[in-house]
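Engineer: Chain order of the listed sequences is F and S. Read in order, the letters of the first sequence are residues 222 to 331 in the working numbering. Read in order, the letters of the second sequence are residues 1012 to 1122 in the working numbering.
Don't read these hints as lab results, they were simulated from the structure. These figures come from a predicted structure and were not determined experimentally. Heads up, a few of these hints could be off.
Not close to chain F: a few residues of chain S, all C-beta gaps over 10 angstroms, as computed [said to hold, decoys possible]:
| hint | residue |
| --- | --- |
| 1 | Q1044 |
| 2 | Q1048 |
| 3 | L1054 |
| 4 | G1070 |
| 5 | R1071 |
| 6 | S1079 |
| 7 | A1101 |
| 8 | K1109 |
| 9 | G1115 |
| 10 | P1122 |
Derived pair list, reagent style DSSO-like, types lysine-lysine, alpha-carbon separation capped at 27 angstroms [unchecked claim]:
| hint | chain 1 | residue 1 | chain 2 | residue 2 |
| --- | --- | --- | --- | --- |
| 11 | F | K262 | S | K1037 |
| 12 | F | K257 | S | K1037 |
| 13 | F | K262 | S | K1109 |
| 14 | F | K261 | S | K1109 |
| 15 | S | K1081 | S | K1067 |
| 16 | S | K1081 | F | K265 |
| 17 | S | K1081 | F | K288 |
Backbone N, C-alpha and C fix where the C-beta goes; we use that ideal spot for every residue, glycine too.
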Amino acid sequence: DTAVSQTPKYLVTQMGNDKSIKCEQNLGHDTMYWYKQDSKKFLKIMFSYNNKELIINETVPNRFSPKSPDKAHLNLHINSLELGDSAVYFCASSTIYGYTFGSGTRLTVV
Amino acid sequence: SQQGEEDPQALSIQEGENATMNCSYKTSINNLQWYRQNSGRGLVHLILIRSNEREKHSGRLRVTLDTSKKSSSLLITASRAADTASYFCATELSGNEKLTFGTGTRLTIIP
């Protein structure tokens, strides 16, 4: 299946821990993104990468570090997790015709 | 800040009726896109309409764009229970490759 796949689907962790979310797309898209959806359903871009290069960093705390080993993968590492990081994180990739989103990772920090 | 504001925030209609959702935005755009999000799921791309287009259709979906008013509408005709979801508009600004989302409309279709 052609898709954007992200893992894990659910992540529950304690404050202060470091965690990673992985994302892979097999659509051949050049551009990939991380979006955050908060408890009020607001979706906001965090990062975008084009062909492994960082294009957009939307004033995200530097505890969040994206890594793109190749254009099909964009992983998100979060250090020193805080309660406010609890949200659903979506990976996406795009062409000029639109975006394809992963199914999301629900992160709960306790 | 959110680029788009959607109206209404929530909408409940009987199955078979038409549903109309509106989106307003603030700046010039390259295109506007509509997405559906079922509860607890990811976003599904519905339609992309470019700034030089005024109307687009896809199945039971009809999208209009009025760049002079900086607004768009999504019409779902002959609604079905499976259309129950949140619907988001999102804009892509000229020369800027990112989507800025609206606040969403929660649509409930009553069987």
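Engineer: For a C-alpha distance cap of 27 angstroms, please report whether K257 (chain F) and K1037 (chain S) respect it.
Structural biologist: With a Cα-Cα distance of about 21 angstroms, the restraint between K257 (chain F) and K1037 (chain S) holds, given a limit of 27 angstroms.
Engineer: Would the hint linking K1081 (chain S) and K1067 (chain S) be met if the CA-CA limit is 27 angstroms?
Structural biologist: Given pair K1081 (chain S), K1067 (chain S) holds - Cα atoms ~16 angstroms apart, limit 27 angstroms.
Engineer: Examine each Cβ of chain F, and state whether all of them lie more than 10 angstroms from the Cβ of Q1044 (chain S).
Structural biologist: Check fails; 6 angstroms does not lie beyond 10 angstroms.
Engineer: Against the 27 angstroms threshold, does the CA-CA distance of K262 (chain F) and K1037 (chain S) hold or violate the hint?
Structural biologist: Since the Cα atoms of K262 (chain F) and K1037 (chain S) sit roughly 20 angstroms apart, the hinted pair holds (cutoff 27 angstroms).
Engineer: Does the alpha-carbon distance linking K262 (chain F) and K1109 (chain S) stay inside the 27 angstroms limit?
Structural biologist: holds (18 angstroms)
Engineer: Is the Cβ of K1109 (chain S) more than 10 angstroms away from each Cβ in chain F?
Structural biologist: Since the minimum Cβ distance to chain F is about 5 angstroms, K1109 (chain S) lies within 10 angstroms and the statement is violated.
Engineer: Hint check: K1081 (chain S) vs K265 (chain F), CA-CA at most 27 angstroms. Holds or violated?
Structural biologist: Holds: K1081 (chain S) and K265 (chain F) sit about 20 angstroms apart, inside 27 angstroms.
Engineer: Non-interface claim for R1071 (chain S): all C-beta distances to chain F beyond 10 angstroms?
Structural biologist: The claim stands: R1071 (chain S) keeps its Cβ more than 10 angstroms from every Cβ of chain F (closest is about 18 angstroms).
Engineer: Is the nearest Cβ of chain F still more than 10 angstroms from the Cβ of Q1048 (chain S)?
Structural biologist: Q1048 (chain S) not clear of chain F: closest Cβ-Cβ about 8 angstroms, inside 10 angstroms.
Engineer: Assess, step by step, whether the Cα of K261 (chain F) is no farther than 27 angstroms from the Cα of K1109 (chain S), and give holds or violated.
Structural biologist: holds (21 angstroms)
Engineer: Hey, does G1070 (chain S) actually stay past 10 angstroms from chain F on C-beta?
Structural biologist: holds (16 angstroms)
Engineer: Below or equal to 27 angstroms on CA atoms is what counts here, so check K1081 (chain S) against K288 (chain F).
Structural biologist: Given that 27 angstroms is the threshold and the Cα spacing comes to 36 angstroms, the pair is violated.
The structure fails to meet hints 1, 2, 3, 7, 8, 9, 17 from the earlier list, while all remaining hints are met.
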